[in-house]
Amino acid sequence: MIGGYMILLRRYFIIIDDLWDISAWNVIKCVFPENDLGSRVIVTTRKLGVAQECCFSRDENIFRMKPLSEEDSRRLFFDRIFGSEEACPSQLKDSSTEILKKCGGLPLAIISISSLLASEQYNQTERWAYVQNSLGSISGTNPTLEAMREILSFSYKDLPRYLKTCFLYLGMYPEDHTIRRRDLENRWVAEGFVSKEHGQSLEQTARSYFNELVNRSLIQPVELNRDRTVLCCKVHDMMLDLILHKSAEENFMTVIDSPESTTGLVQKVRRMLFCLNGARLPGDISLSQVRSLAFFGSCKNIPSLTGFKFLRVFTAEFASSSVDDEGKLDLTRLNKLHQLRYLRIQDCRRCQLPAQIRGLQQLETFDVDDGSAVPSDIFHVPSLLCLRAPGVKRLPEGIGKMTSLKYLLEFDVLNNSLDNIKDLGELTNLNTLFITCENGFVTEDRKISEDEKARHIDVLSTSLRKLCSLKFLCVRSWKSGILEQLTSSPLPAGLVTFRMLVTSRVPNWIGELHNLLNLRLSVKYLDQDGLGILAELPALLDLELELLGNSFPSELEIVPEEMINLYGTSFASLEHFSIRSDNMPWLTFQAGAMVKLQRLSIAIHAVGWKHEAAPIGIEHLLALEKIFVGIGCSGATESERKNAESAFRSAIDMHPRNPHVKINCGDFMYGFWS
Numbered sequence: 001m002i003g004g005y006m007i008l009l010r011r012y013f014i015i016i017d018d019l020w021d022i023s024a025w026n027v028i029k030c031v032f033p034e035n036d037l038g039s040r041v042i043v044t045t046r047k048l049g050v051a052q053e054c055c056f057s058r059d060e061n062i063f064r065m066k067p068l069s070e071e072d073s074r075r076l077f078f079d080r081i082f083g084s085e086e087a088c089p090s091q092l093k094d095s096s097t098e099i100l101k102k103c104g105g106l107p108l109a110i111i112s113i114s115s116l117l118a119s120e121q122y123n124q125t126e127r128w129a130y131v132q133n134s135l136g137s138i139s140g141t142n143p144t145l146e147a148m149r150e151i152l153s154f155s156y157k158d159l160p161r162y163l164k165t166c167f168l169y170l171g172m173y174p175e176d177h178t179i180r181r182r183d184l185e186n187r188w189v190a191e192g193f194v195s196k197e198h199g200q201s202l203e204q205t206a207r208s209y210f211n212e213l214v215n216r217s218l219i220q221p222v223e224l225n226r227d228r229t230v231l232c233c234k235v236h237d238m239m240l241d242l243i244l245h246k247s248a249e250e251n252f253m254t255v256i257d258s259p260e261s262t263t264g265l266v267q268k269v270r271r272m273l274f275c276l277n278g279a280r281l282p283g284d285i286s287l288s289q290v291r292s293l294a295f296f297g298s299c300k301n302i303p304s305l306t307g308f309k310f311l312r313v314f315t316a317e318f319a320s321s322s323v324d325d326e327g328k329l330d331l332t333r334l335n336k337l338h339q340l341r342y343l344r345i346q347d348c349r350r351c352q353l354p355a356q357i358r359g360l361q362q363l364e365t366f367d368v369d370d371g372s373a374v375p376s377d378i379f380h381v382p383s384l385l386c387l388r389a390p391g392v393k394r395l396p397e398g399i400g401k402m403t404s405l406k407y408l409l410e411f412d413v414l415n416n417s418l419d420n421i422k423d424l425g426e427l428t429n430l431n432t433l434f435i436t437c438e439n440g441f442v443t444e445d446r447k448i449s450e451d452e453k454a455r456h457i458d459v460l461s462t463s464l465r466k467l468c469s470l471k472f473l474c475v476r477s478w479k480s481g482i483l484e485q486l487t488s489s490p491l492p493a494g495l496v497t498f499r500m501l502v503t504s505r506v507p508n509w510i511g512e513l514h515n516l517l518n519l520r521l522s523v524k525y526l527d528q529d530g531l532g533i534l535a536e537l538p539a540l541l542d543l544e545l546e547l548l549g550n551s552f553p554s555e556l557e558i559v560p561e562e563m564i565n566l567y568g569t570s571f572a573s574l575e576h577f578s579i580r581s582d583n584m585p586w587l588t589f590q591a592g593a594m595v596k597l598q599r600l601s602i603a604i605h606a607v608g609w610k611h612e613a614a615p616i617g618i619e620h621l622l623a624l625e626k627i628f629v630g631i632g633c634s635g636a637t638e639s640e641r642k643n644a645e646s647a648f649r650s651a652i653d654m655h656p657r658n659p660h661v662k663i664n665c666g667d668f669m670y671g672f673w674s
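Take the sequence shown: its position 647, counting from 1, is numbered 647 in the working numbering, and each next residue is one higher.
In case anyone wonders, no lab produced these hints; they're calculated from the structure. Keep in mind that the hints are not guaranteed to be accurate.
[Said to hold, decoys possible] Derived lysine to any residue pairs resembling SDA-like cross-links, with alpha carbons at most 25 Å apart:
#1 Lys93 / Leu108
#2 Lys336 / Gln352
#3 Lys422 / Ser449
#4 Lys196 / Phe310
#5 Lys234 / Phe154
#6 Lys393 / Lys447
Based on the provided sequences and hints, a complete structural model is requested.
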């Protein structure tokens, strides 16, 4: 919030990005007091008329962004397709010159067209000539929205039919919204946009669709996994403008984002996005054709759900003011939507959901952020693939019947019954599982005994061994040891990613996970033997170690006192290594260790820093490309901070190949955890 007393008596500097119309400026400018303190407001816009209004028609206050120079345009274009201009075949030079002229030096246009050309490696001469002759042109320093849309539209027209629908569906998210890849892919599948391809599941095919949109630069990755897999993305606002324009032409979807948008609606709405607080639909609109319904923000006036006879996707991210404090939003009629395949609700505690959903026989995804909202008969939904209910303490009895389930978050070992833990082993299609192990209660007034806890963990280990499709497992236990006391591995051999938070030491059985690629461990104590177990994992590419220090409860405190040596030939496949600790163990990288390591991340706390605690032998990591060091300085003296930073710089300076280095010191408890 700005305005009022916050800026009335202060000098302020405010940036308003991407303003589209004069009426919005007339509202916004009212909050800026003229206090004669030399304040400044910067507005960015694509429209000259808006710029002139913001500057009171003083042309000298308008800065016109220039397009890229010819040299920069060519570099951007050729680097995207060939890696360099020199690698471009001579027969394509003339076409490239003409294509770049038509892009007018606009980066988004150049990236879009070059990505389109990069995706087609056959018949290049004919392909490039076709693109050259088909493109309109953007000229001058003030290109119109229509001209830019025409350039981007060519990328859309070039998409195969199956990708066009997936691309247009991105309009079901509000502007600047961060889109989770898994969420988007599941919604595509629920809508029926994804067809099984030979030898691939629907999920794998949806992933290939997503990757193709990324490769064509039609969506922008904003969060990547360590293996460069895109986790989240955004849509450039010019791309979103194209999506909404095409969606309106084809009656693909309808957006309710202003009072004006509720008038003149088509009678047969196919998909609807609500992101306007308090909006109401006209009473004569037919809702029976709607297949996707999405709400964002404060949406008190949700239409009656009984009208959505063929709804496949329902998603809602409610703001805190969505409903009156005295009541809950009634969504109990969701159980009458018999075609529903995807259900996701954020801020679920403000909603009243149906107690039973066995009528939703087509439901594939149940994703709510309140574990208490899990219906008692959810195991009667035979098509369920994804059950996401963070915070759920006890799942309904009978989960062994959900044999189609592939994703489960989360399963509390101590609060679920022994029958449910046993039934977990029946979910042989499960590939992703999140387990918690908190202080369990048999009833509200009786805590689970140690003998009962042991029986629960013993049954769990038997069930986990049966999960032959499991690829990702996260076990979280802050106060109760789980799995570590077992003498043999309770995990299936095919496990690829494993996270265990917390364990006393590195369990011996981890060494049996020969297919493990990614491992994250939070341990109370790390010694040479524990590190030796991890060092022999043959396929391990990514290792994150967190050594629990004195910012945790006293039972978790450790003070590593021995030197930990990374011997030659250890961690033969490792590419990324991260370690975080209050009390950094004295690490030594010997020649031949971690021969493939590309990225090293270290996060420590500067309080009580000892100079000899800096790692030794970083110069032996010859494949190293990037080093990140985070130094937490909360409570540390300036001398301790400087000594810690100096020690790391001295150790890194010995590396012969000058890797990229980033050292971050800040007033926080820990260094950053990359």
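Going through the hints against the structure:
1. Lys93 / Leu108: 21 Å, holds
2. Lys336 / Gln352: Given pair lysine 336, glutamine 352 holds - Cα atoms ~15 Å apart, limit 25 Å.
3. Lys422 / Ser449: 19 Å, holds
4. Lys196 / Phe310: Holds - the C-alpha atoms of phenylalanine 310 and lysine 196 are around 23 Å apart, at most 25 Å.
5. Lys234 / Phe154: 20 Å, holds
6. Lys393 / Lys447: 14 Å, holds
Violation of the numbered hints given earlier is absent; every hint is satisfied by the structure.
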